[in-house]
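In the order they appear, the protein sequences are chains A and B. Quick note: the first sequence uses the working numbering, first residue 6, plus one each step. Quick note: the second sequence uses the working numbering, first residue 29, plus one each step.
Keep in mind that the hints were calculated from the coordinates and are not lab data. Even glycine gets a Cβ: it sits at the ideal position worked out from N, Cα and C. Treat each hint with caution, since some may be false.
Chain A residues, not near chain B, derived (Cβ > 12 Å throughout) [unchecked claim]:
no., residue
1, Glu-194
2, Leu-316
3, Ser-385
4, Ala-400
In silico DSS-like pairs for lysine-lysine, Cα to Cα no more than 30 Å straight-line [said to hold, decoys possible]:
no., chain 1, residue 1, chain 2, residue 2
5, A, Lys-16, B, Lys-355
6, B, Lys-90, A, Lys-344
7, A, Lys-9, B, Lys-90
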Amino acid sequence: MNRKNAPKTHKTGAISFVSPEKIPLNESVPLYWMSDIANETSRIDIYFDAGLRKGKNSIASTTSSLLLSGTSLKSSTEIHNQLNDLGAFFDIGLSHEGVMVSLFALKRNISEAYEVLLDAIINARFPESEFQEVKAEKIQKFKINMNRVGVLAQRAFQKQLYYGTKYAEVSNEIDLQKVERKELLKFHEENYICGLFKIAVVGALAEGQIQHIINISKGLCIKNPLEFKSDFCNKPGAIHIEKNDAVQTAIRIGKTLFNKTNKDFLDMSILNTILGDYFGSRLMKNIREDKGYTYGIGSIISESGGSGYLLVGSEVGKEHLQAALDEVKKEMFRLCNEKIKKKELDLVKNHLLGQMLKISDGPYAMMDLFLSVESYGMSSDFYNLYIQRIHDIDASAILRIANAHLNWSDMSVISAG
Amino acid sequence: MIEFERYTLKNGLKVLLHHDKTTPMVVVNTLYDVGARDELEDKTGFAHLFEHLMFGGSLHVKDFDQELQKAGGESNAFTSNDITNYYEIIPAINIETALWLESDRMLSLAFTDKSLEVQRSVVIEEFKQRYLNQPYGDVWLELRPLAYLKHPYRWATIGKDISHIEEAEMSDVKKFFKKFYCPSNAILCVSGNFDSGTIKDLIEKYYGTIPGGKKPARLLPMEPTQEEFREKSIQRDVSADAFYYAFHMSERKNIGYYIADLLSDAIGKDQSSLLNIALKKEQTLVSEINAFITGSLDHGLFLITGKLLEGVDFATLDNALWRELEKIKVEGFTDRKLNSLKNKLSTAKAFQEQGLLNKSISLCMFELLGDANGINEEIQIYNGIENTDVLNFANSILKRENCSLLKINKTK
Numbered sequence: 006m007n008r009k010n011a012p013k014t015h016k017t018g019a020i021s022f023v024s025p026e027k028i029p030l031n032e033s034v035p036l037y038w039m040s041d042i043a044n045e046t047s048r049i050d051i052y053f054d055a056g057l058r059k060g061k062n063s064i065a066s067t068t069s070s071l072l073l074s075g076t077s078l079k080s081s082t083e084i085h086n087q088l089n090d091l092g093a094f095f096d097i098g099l100s101h102e103g104v105m106v107s108l109f110a111l112k113r114n115i116s117e118a119y120e121v122l123l124d125a126i127i128n129a130r131f132p133e134s135e136f137q138e139v140k141a142e143k144i145q146k147f148k149i150n151m152n153r154v155g156v157l158a159q160r161a162f163q164k165q166l167y168y169g170t171k172y173a174e175v176s177n178e179i180d181l182q183k184v185e186r187k188e189l190l191k192f193h194e195e196n197y198i199c200g201l202f203k204i205a206v207v208g209a210l211a212e213g214q215i216q217h218i219i220n221i222s223k224g225l226c227i228k229n230p231l232e233f234k235s236d237f238c239n240k241p242g243a244i245h246i247e248k249n250d251a252v253q254t255a256i257r258i259g260k261t262l263f264n265k266t267n268k269d270f271l272d273m274s275i276l277n278t279i280l281g282d283y284f285g286s287r288l289m290k291n292i293r294e295d296k297g298y299t300y301g302i303g304s305i306i307s308e309s310g311g312s313g314y315l316l317v318g319s320e321v322g323k324e325h326l327q328a329a330l331d332e333v334k335k336e337m338f339r340l341c342n343e344k345i346k347k348k349e350l351d352l353v354k355n356h357l358l359g360q361m362l363k364i365s366d367g368p369y370a371m372m373d374l375f376l377s378v379e380s381y382g383m384s385s386d387f388y389n390l391y392i393q394r395i396h397d398i399d400a401s402a403i404l405r406i407a408n409a410h411l412n413w414s415d416m417s418v419i420s421a422g
Numbered sequence: 029m030i031e032f033e034r035y036t037l038k039n040g041l042k043v044l045l046h047h048d049k050t051t052p053m054v055v056v057n058t059l060y061d062v063g064a065r066d067e068l069e070d071k072t073g074f075a076h077l078f079e080h081l082m083f084g085g086s087l088h089v090k091d092f093d094q095e096l097q098k099a100g101g102e103s104n105a106f107t108s109n110d111i112t113n114y115y116e117i118i119p120a121i122n123i124e125t126a127l128w129l130e131s132d133r134m135l136s137l138a139f140t141d142k143s144l145e146v147q148r149s150v151v152i153e154e155f156k157q158r159y160l161n162q163p164y165g166d167v168w169l170e171l172r173p174l175a176y177l178k179h180p181y182r183w184a185t186i187g188k189d190i191s192h193i194e195e196a197e198m199s200d201v202k203k204f205f206k207k208f209y210c211p212s213n214a215i216l217c218v219s220g221n222f223d224s225g226t227i228k229d230l231i232e233k234y235y236g237t238i239p240g241g242k243k244p245a246r247l248l249p250m251e252p253t254q255e256e257f258r259e260k261s262i263q264r265d266v267s268a269d270a271f272y273y274a275f276h277m278s279e280r281k282n283i284g285y286y287i288a289d290l291l292s293d294a295i296g297k298d299q300s301s302l303l304n305i306a307l308k309k310e311q312t313l314v315s316e317i318n319a320f321i322t323g324s325l326d327h328g329l330f331l332i333t334g335k336l337l338e339g340v341d342f343a344t345l346d347n348a349l350w351r352e353l354e355k356i357k358v359e360g361f362t363d364r365k366l367n368s369l370k371n372k373l374s375t376a377k378a379f380q381e382q383g384l385l386n387k388s389i390s391l392c393m394f395e396l397l398g399d400a401n402g403i404n405e406e407i408q409i410y411n412g413i414e415n416t417d418v419l420n421f422a423n424s425i426l427k428r429e430n431c432s433l434l435k436i437n438k439t440k
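So here's chain A without its partners, still in its complex pose (with noise of 0.2 Å):
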């Protein structure tokens, strides 16, 4: 054996994408059930239209945290009991288009958990002390985070990437501190009460169990199909937040984009991961693994329900941040001005193709994978559009999405440090 000779690869073959079964609670709000499952374990996900958007950023997000904090029959400490002796685990998670409650647990106990997670979110009366607990909670941390440099350099990006629009807001100790109980019985009544808009299932129940699903979370139901804002425009131009005792300074750079439905999606998508969104990509072989000003620097393209956007992040040596945005815009300069050579191009296909079996793996890799084009109203088909884009594109049309959408003079560039 020659060591210095690669062994022959293999292009990987046709992923079968599998979509979950569709059952809808009424005319609007769908359950989607991925039953194929070769173990014991079971999850749901309940969304209700109850984000950001939907109110004050510090009155939402404290309802969420206090979600199950207790009815009138029921305290806090006996609701998360009852949980642990089913032996289930939760999460609840905020955005500005929703919120998310996850319930994980061995498929013989779920039915009974949700139970208990339903009746303690329709019930939530926000007990004061509660309350007072998770608002004391809040302000600490919210001081706490204000001396991390990548918290203040992602609040001012947030401020410039949806500049004069509501998801621009971002909380103050003050706005914390002004948060009344009663709103948050208000917010729960007009958001949770008949804000229930999607169900997904993954797990072996039985259809019995999913009836029953169906049936406690019927009334929840969201009146009207979702809305969401598109109109978003970052506004470009530099911001630096000094803070003096940092040793490092963070850095984020960013644009508004659009959604997966939009035409240049999967070449930006492409693009994307040249630019930062691999270990090999260009921000980190030069910036990292080249001049070592950081420990770690990407890119991300991400969407919100009508728009989406470009961030690059990283948090550089104090004494290199002129260095690194410098060698930032250097790289996207690159990429509108020079053809990506084929070898790159080549590796950047096969590690693409390579991470689209990884991110298949499995039914709960399936259903991420549906619900992440299912909020667009597409179909699974996407990602075999995906895959065959992958193959088909070449450097002239890393150029020319490139040209569209990586001008320096487009980008909002903070930095906090």
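Given the structure of chain A, go ahead and fit chain B onto it with the hints provided.
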């Protein structure tokens, strides 16, 4: 139940195979029996710096990551006080690429000056990002030398001080490699959808000819039994006072480890844990309180940490905390609490067993402890724990003379 096959190559490399035909991927996981505890006192942070250098090219391969990415794979690694672990996740059809790359860097690194120079900077930035530029970031740099006086757990994996990393030289790198990076000091686990008929031949092809080396002897100083309460108080530019109580506990192999794991969950994992109810909800002294264990292979730490609410002082918290601990030492848990902890563990275990990478790392860890099948026996050990075990454990560990307390005072 996780099925696996185990054998040893002639050069001493331990191999574990776990076949899972439900996935299109394979994971190649390599655990080296070396961590920060094996470092010299004046060259700390080295095991971790070395982990970075393992990606800087090997004897026959210039660019590790690039070759792996070409084959659709990805890779990462981590270093702890006990071990250094590397893995590749790759489409099963390209398994050979992962074996080629991982075996070549076990054979020898390229040792380029550029790689050392750049990774020194990268690790220094990591030091800043994780430990210096975060509120409470340097807690472990302060707490370890307070709790440990002799054992090398007294420094963190990142190192005692940035200067140790700045001063690392190529000769140190080469010595380190020669001593610790050889088949006889490693465990390889290949899991996923490999071809059962050819996998052993492939492993033999890539690893069989690597000189076995000698497994280094480990003679670490024992931490003497703590006999007095220790306390350290420091001031930092943070907005809340914070406390870290650290108690010495048993090593990983001891039943005490499992009891400590359950006990820490019971008193400080979530909102219904005992200390959360008593100190946060009822007495409103803290904004958060947590209990957890370090999970170390040698004698580890059982920690209770949290942050004081505005206007509460350390002495009030201290009194209240010890009152609660004394209660636990008399009452232990209710049956309901003990059962719910075991039920949660069963759920967590079932979810973990779905992750190929998770399984691979666990198999290697258990093999390092003596038997990879420990992965299948763990849950019975937890299920066998009774209230009397908890009481005995709490009474032997949660004592003032076995405790070190670090207090972080906010800037006024």
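Checked hints:
Residue-level check passed: A:Glu-194 sits 24 Å from the nearest beta carbon of chain B, beyond 12 Å. Distance check for A:Leu-316 against chain B: the nearest CB is about 18 Å away, which clears 12 Å, and the non-interface claim stands. The Cβ of A:Ser-385 lies farther than 12 Å from every Cβ of chain B, with a closest approach of about 16 Å, so its non-interface assignment holds. At roughly 18 Å, the least C-beta separation between A:Ala-400 and chain B is larger than 12 Å, which holds for a residue marked as non-interface.
The straight-line distance between the Cα atoms of A:Lys-16 and B:Lys-355 is roughly 62 Å, outside the 30 Å bound, and the hint therefore fails. Proximity of B:Lys-90 to A:Lys-344 is assessed by CA-CA distance (about 25 Å); at most 30 Å being required, the pair is judged to hold. Of the supplied pair hints, the one linking A:Lys-9 and B:Lys-90 holds, its CA atoms being roughly 9 Å apart against a limit of 30 Å.
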